[in-house]
Amino acid sequence: MNRHSHPLLLAAIFAAVATAAQAQPTEIRVSYQPALYWALPFYVATEKGWWGELGLKPAFSTFPAGVPQIAASASKSWDVGGTGSVPAVLGAARYNLLTIGLTNDESAGNALVAAAPKADGYTKNPQSIKGETIVLTANSTGDYAVQSCLAKWGLKKADVTIKSMGQAEIISAMSSKNADLGGLWAPNIYTMEEKEGAKVICSGKDTGTVIPGALVVRADYAKEQPQNVAKFLAVYLRAWKWMNAHRPEAIVLMKKFYDLGGVSISQASMEKEFDTRPTFDLAGQLKIMKGGETSDVDKWMNQIAEFMKSTGTLPEPPQASRYVTDEYMRMVDSDPKLKEFANRSN
Amino acid sequence: MRNGWREPSRLAVGGSTLAAVVVLWYLATTFTQIIPPVYFPTPAEVLQAFRQITVQGYADGQLQQHFLHSCWLVLMGFAAAVGLGVPLGMLMGWSRRAEALINPVFLLLRPIPPLAWIPLAIVWLGLGDAAKVLVIWFAAFVPAVINSYAGVRSIEPYLIEAARSLGIRGAMLVREVLFPGALPLIFTGLRLSLQACWTTLVAAELIGAIVGLGHVLYQAGLDLFPAMIVVGMIGVAIAGGLMTTALGRLEAWSMPWHRR
Amino acid sequence: MRANVALRRREFVVLSCAGLAAFFAIWALASMLGTTARQFLPPPWVVAEKFVELTHEPFSGFTLQHHLLSSFARFGMGFTLAVLIGIPLGLILGWFRWLDVIVSPLLDALRFVAPIAWVPFAALWFGTGIGGPVLVIFTGAFPPCVINAYRGARYVDQHLIEAARTLGARHWQIISEVLLPASVPSIVAGLRVSAGLGWQSLVGAELIVASSGIGYVLVKGQASISTSIVMSGMIAIGIVGFAIDALLRRAEMHLQRRRGGDR
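Sequence lines, in order, name chains A, B and C. Under this note's numbering, think of the first position of the first sequence as 1, with each following residue one higher. Under this note's numbering, think of the first position of the second sequence as 1, with each following residue one higher. Under this note's numbering, think of the first position of the third sequence as 1, with each following residue one higher.
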């Protein structure tokens with residue numbers, strides 16, 4: 001290149017400036033729950049400025065639990081988001097939410113936790129749980145994990161007393177020795193372990209039940225803006241790629257993110273989040289969603305639907321094939337630019 | 001218009017109003033669908049939910065069980081609030097010294113919402129009824145105190161002077177002069193207390209209830225089952241209305257001289 | 001000896017301080033004795049320390065005053081809305097008897113339904129918007145506004161109304177120029193109750209939105225097993241609630257004095 005500006009370069013700069021001025025980033029409203037492992041990619045992508053690279057401008061809203069989150073979708077308060085698989089099924093049944101991917105496999109992150117003095121007794125003899133009171137958050141993945149554990153030990157719902165309350169109340173009740181058994185999810189599990197010496201006596205993973213987290217979209221938004229949904233997925237996938245490749249840096253961001261949500265857990269517990277909760281890259285997502293009704297995701301979601309039928313929440317739960325779709329993952333896969341973006345680990 | 005209006009039976013008008021609301025509700029949600037069913041349940045859905053909760057039960061119990069347990073909790077909280085609040089309010093109304101001593105603490109605790117006591121109620125009292133009664137008590141205590149206080153203050157000083165000059169003192173003065181004199185306002189306070197009890201019940205039953213109307217509302221909220229929420233709300237309104245009517249009877253009976 | 005006589009200022013101050021001191025002493029003692037685990041009943045000074053810490057070190061993303069501010073904004077909107085709708089409605093109900101007979105049963109029924117029972121509907125109708133919390137606060141603050149404006153209008157001196165009528169005043173003129181000014185004391189008393197209940201509904205309202213607000217501080221404090229954060233939050237709620245009430249009481253007294261002077 002000579003000292004004078006190359007005409008082509010100049011043109012390119014002009015074009016870039018023009019498109020930048022023209023292409024106002026489109027707003028996409030993203031919902032999640034604060035201080036959860038699967039919500040970390042949203043924070044990482046924001047810190048790294050990746051949304052803007054695809055012309056998206058995220059507007060976040062956060063909810064204390066999955067149920068109010070999906071209720072808010074009824075008023076079109078958000079477009080896409082991540083949530084637990086149990087709320088995702090409820091949202092599919094009530095408000096036409098589509099499940100377009102999985103956030104992570106959180107089977108190990110949902111568990112029945114016991115207060116310190118009695119934990120070993122329960123572990124040795126799970127039958128002794130019969131007749132006890134379990135506090136849990138109804139219609140949550142934690143509820144699902146607890147019921148799977150009970151089923152594994154051959155206990156029925158009627159064998160125990162279930163009291164439903166929020167996660168914060170459960171932590172209060174267990175730490176003040178007013179409840180011995182609770183259904184919790186991470187990072188609340190770690191809070192109880194670290195501060196109160198409580199122990200996990202059975203997680204979803206121990207029962208062979210897969211408890212996924214779901215990426216969801218409002219059906220009408222997906223119809224209007226399929227491109228944005230695909231871009232959203234690409235950003236999310238890239239954040240996981242990066243975090244798995246740069247764990248120390250990811251953990252620094254994780255600490256900040258959890259702090260923002262009022263949660264402080266140890267370095268070891270944060271490592272454990274990474275170690276015990278598998279995530280899926282683009283190829284992985286496509287693989288578990290492939291095959292429609294026979295796909296893994298459909299199978300897992302249908303098991304959850306069965307659970308919600310058994311609790312009486314959904315007398316007629318929807319079939320997974322009605323609301324689980326890999327259409328948007330395939331859009332990412334078929335667009336070379338998005339595919340490259342989603343698989344970037346830097 | 002105020003002057004031309006001849007008052008028909010209140011019950012008749014109230015009844016026809018409620019009927020009109022149901023018709024309007026039907027028109028808005030079912031017939032015209034101005035309000036989409038997603039945002040508010042239709043009468044048919046509510047009826048269906050009502051049938052479900054009375055026949056099969058919902059949230060681990062049938063409607064009557066929920067209803068009775070909630071009434072029981074409210075009565076406990078109400079009784080505790082009245083038993084402590086009315087004497088305390090009267091004492092503060094009677095003695096300026098007691099007022100100076102107690103009022104600052106009362107003012108300090110008063111603006112803290114009953115809901116905010118839940119975390120402490122759990123760690124102090126556990127998940128049983130005691131914690132729920134505590135939360136309800138907090139809500140009902142304040143109006144009981146304030147109105148009993150105002151009731152004693154509203155007694156004309158010459159009445160007390162007259163009683164004294166007749167040699168009435170101590171417990172007799174309280175029984176014969178202060179209490180009857182303060183009674184109209186005490187009852188105003190009790191009505192407010194009762195209302196506060198019912199509005200706090202839902203919050204109290206966030207502390208892991210097994211049965212109760214608040215528990216129904218909470219569970220229906222978690223299930224995103226608006227029709228059941230409406231059933232729960234109607235249940236609370238009826239229970240609250242019944243208790244207020246009972247309180248009104250008690251008021252009329254205890255103050256025959258004050259009949260309106 | 002008559003107990004019900006005004007105290008001297010000094011005696012009043014001494015007794016007030018004694019009452020407060022006794023309260024804190026009992027609290028501290030209960031905490032020291034360990035009848036309740038100290039973790040769940042921290043002594044006053046630990047809470048005070050935490051309170052100060054929360055004002056400069058962010059918890060859950062913001063400092064305490066920041067959380068309070070966002071709560072206060074929600075409260076302000078809900079309360080304003082309750083006042084703007086409730087007071088005119090109360091006055092109208094007080095004037096048109098037929099409307100009163102129709103509307104009152106509905107209001108009576110709704111009175112018993114807790115503001116937080118509306119939380120699911122608030123989430124459904126307004127989602128994440130400011131509308132949700134505002135609706136919940138509104139349902140708490142609305143009834144006293146209506147009831148007190150109504151009572152004020154009902155007990156206006158009949159002579160005033162007759163006089164206005166003979167002068168040919170219309171309905172709305174009577175409402176705005178006779179009933180409204182005459183019911184001001186009752187309305188202001190209602191505002192105090194209304195503000196109190198609205199502020200109390202706030203914690204319930206903040207169960208909807210999860211990212212800020214004093215109710216959120218309570219929940220997060222609870223989730224991280226920190227009773228001192230919970231208590232600091234309660235104290236902050238108490239102080240603001242007290243300040244709101246004190247402000248309105250001031251207005252009430254000011255008004256009474258002015259009206260006294262008018263006569």
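A few of these clues could be false.
Claimed, not checked - Here's a subset of chain A near chain B, in silico, CB distances under 7 Å, partners left out:
#: 1; residue: V67
#: 2; residue: A71
#: 3; residue: V135
#: 4; residue: N139
#: 5; residue: V160
#: 6; residue: K163
#: 7; residue: S176
#: 8; residue: T313
Honestly, the hints are just simulated from the structure, not real lab data. Here a beta-carbon is modelled for each residue, glycine too, at the ideal position from N, C-alpha and C.
Checking against the hints above, which ones are violated?
-> Hint 5 is the one this structure does not satisfy, whereas the remaining hints hold.
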